[in-house]
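Novice: Listed here are the chains, written in short residue letters.
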Amino acid sequence: MSPWLQHTSFAIIAAIAVLASILVVTRRNPIYSALFLIVLFGAMAMIFLLLEADFLGFMQLLVYAGAIMVLYLFVIMLINPREGDLPEEGGAVDRVVAGGTASLVFCLLWFAIHESALLHPELPAVPVVFPELASLGPEHGGAAAFGRELFHEHLLVFELASILILVGIVGAVHISLRTRRRVSAGNGLTPPAARAEEAAHV
Amino acid sequence: MEELVFSRAEFEAVLPSAILFATGLLLLLMDTCFGDRDPNEDSSPKTHLVLTGVAGALLAFAALSVSAGDTSVRLFAGAMTDDLFGRFAAGIIILATLLTSLAAGGYLSGIGKHRGEFHALIFLGAGAMVLLAQATNLISIFVAVETLSLALYVLAGYVRAWRESAEGAFKYFIMGAFSSGFLLLGMAFLYGASGGSIQLADFGDGLDPVLGSVGTLLVIIGFAFKVGAVPFHSWVPDVYQGSPVLAAGWMAVAVKVASFAALLRLVMATGDSANMAGLIMAIAVITMALGNLAALNQTNLKRMLAYSGIAHSGYLMIPVGLALHEGSVNPKVLAGSLFYLAAYLVTTLGVFVALSSLKHGDRDCDTLDAIKGLGRRHPLIALAITLSMVSLAGIPLTGGFMGKYFIFRDAVLGGYWQLAVIGIVTSMVSIYYYLRPVVAMYFHEPSEKIEKVEAAWGLHLALGITSFGILYLGVMPERLVALSLRSVERLGM
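Chains A and B, in that order, give the protein sequences.
Those letters in the first sequence? Residues 1 to 202, per my numbering, in order.
Those letters in the second sequence? Residues 203 to 695, per my numbering, in order.
Derived by calculation from the structure, the hints in this document are not laboratory data.
Being a predicted model, the structure only gives us computed values, none of them experimental.
Errors might be hidden in some of the hints.
The calculated label-pair distances, taken between Cβ atoms and stated as ranges, are [what the hints assert, rightly or not]:
(1) B:L498 to A:F106: 52 to 60 angstroms
(2) B:E680 to A:F111: 47 to 55 angstroms
(3) B:F213 to A:R27: 46 to 54 angstroms
(4) A:A98 to B:V641: 37 to 45 angstroms
(5) A:I22 to B:Y634: 46 to 54 angstroms
(6) A:F111 to B:R565: 46 to 54 angstroms
(7) A:V70 to B:L253: 13 to 21 angstroms
(8) B:I626 to A:L78: 40 to 48 angstroms
We treat Cβ as the ideally placed atom computed from N, Cα and C, and that holds for glycine.
With the hints as extra help, turn the sequences into a complete structure.
Specialist: Printed below as a string of structure tokens:
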């Protein structure tokens, strides 16, 4: 792919990603936010593909746009918010403060990237050693290279991630578990009184 | 295809955290297999869980002494190191876990919420904290932070039936996810600034000045959230108030130790290239001032201790700033932080464990009114609380005093006497609110019925250990000071 084509496609995809993420946070109805999130995930996957990280790109599509989105939609479906259920948003002062803070952070980050040696190669003592895409071997971005990186370079973190997931599962079960004591001993069914109490509890 | 090979050094380095993780899994399985399904299950002391936890923690502590001690070897491709600094921090975390586990049986059965998940989450979280104290690349730091945070969110909302517990856990979760965003963005910037390296060791060779500064700033903000430094402290009082009191004590100590260890390693690695010394000292000053002032009019003990925890984060920030000052990285002063954290362990856990041994029906006993007249009812518990409060306030002959003494001395020697003066003045202010519970315990008639939990042997043992620790560190600090000085001499990267 010629550099010109690469830069142009990056610009287009990045613009789509930025636009989609703005739409995600500004929509009032969560279902629209979720749909724009799919657009964002798709754009992210394309950026990975542009960087020749093929495996990561497809994983992004499969895991995020596929599995995680379904989870989001399930949650939204289960909660099923109506127009009246959504809380009132803050007044003008809140919006100005929030917007101001966000723009301040944005300006800081913009400044940092703009002034960095990444964009000013003439500055001395630049430690930048990012490899050129062309210099990478043919196996770069493939499943084998990805797996080797994951299980050799990042083995410890990979194992730690499994503990992270375990903690998440244990926590979710604990938080969502109903107390067993409410179940009556007789037929194993919850008596109506306890059920009502439980409903009031939720 | 190359084979996976573990070196002996790698095995020894992960041994303490591996034992903690294994204990956590074992506790989960034991609770599932041996949990008798009787209706009063949640009120039984479950001594087998407590003893297993204590054994696991002791084993992990013993594993700390098994080490080649060679910090020059890269372990797990640079993901972690095995230096004395990491082991010192790990030791404090493991001791905090040991004491919490010891006290958990009596406390949780007392409030009728005894489940294996509490024990398991504490051990899984502690394993992640130990790894965080040893982590030396951005990815392992981040995943360890996330793992321990997840355990903390659940512990904060452990008692679902309490309204404030759900509120605190939810706030903690949202704020924690938000701060993780800062941390991750900062790490992305550091990755760019170093030219594509995630190893802390490579940051010393020179970072892109602008990208590196912004990256370090974002990472400091992320950790400031975790330790509750001003202005990122708003979640702390709500979370402490909603958490079961014992879990709040464990959080207060263990999270501070792990987060400060990681923060110290990180700022030592980026060095003065980021010009962060002034910023860190400013955070230290406002955190000391605001934490202590806000604690003055709290009537809920958990909220008061939360603000006190914020103030102590401020004191702990002083050595971080000093170590970076005037462009020279001076790790020597970090010994003050390590000693302070050790003293903070016995002091803070002392007070939280003492409060865990009391209850009101199935609620925590956490207001000033509730402990009125405790000196007459339960003189030993009142004595332990008094000792911890005196140590928190930094009065001589206690560990808390020695910790503050070393930090302020280093500040004066480093030429920042203003920091020491602010620290001393705010400590004076803090004496007022630390002694209020003492006055309530000894000079007021008992107003409410205070119950003591049954099966309190573990609580008593833990209280004995913390009280002994406070006095030991206050009277004979030499050995620990020498150890903390040796720990910071050579930070592994």
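Novice: A separate judgement is required for each hint: does it hold in the structure or not?
Specialist: Here's how the hints hold up against the structure:
1. B:L498 to A:F106: 52 to 60 angstroms: Distance hint for L498 (chain B), F106 (chain A) is violated at roughly 38 angstroms.
2. B:E680 to A:F111: 47 to 55 angstroms: At roughly 49 angstroms between Cβ atoms, F111 (chain A) and E680 (chain B) fall inside 47 to 55 angstroms, so the hint holds.
3. B:F213 to A:R27: 46 to 54 angstroms: At roughly 51 angstroms between Cβ atoms, R27 (chain A) and F213 (chain B) fall inside 46 to 54 angstroms, so the hint holds.
4. A:A98 to B:V641: 37 to 45 angstroms: Holds - the Cβ-Cβ distance for A98 (chain A) and V641 (chain B), about 44 angstroms, lies within 37 to 45 angstroms.
5. A:I22 to B:Y634: 46 to 54 angstroms: holds, 50 angstroms
6. A:F111 to B:R565: 46 to 54 angstroms: Taking Cβ atoms as reference, F111 (chain A) and R565 (chain B) lie about 51 angstroms apart, which means the hint holds.
7. A:V70 to B:L253: 13 to 21 angstroms: violated, 44 angstroms
8. B:I626 to A:L78: 40 to 48 angstroms: Given about 55 angstroms between the Cβ atoms, the range is violated.
Figure legend: structure checked against the earlier numbered hints; hints not met, in rising order: 1, 7, 8.
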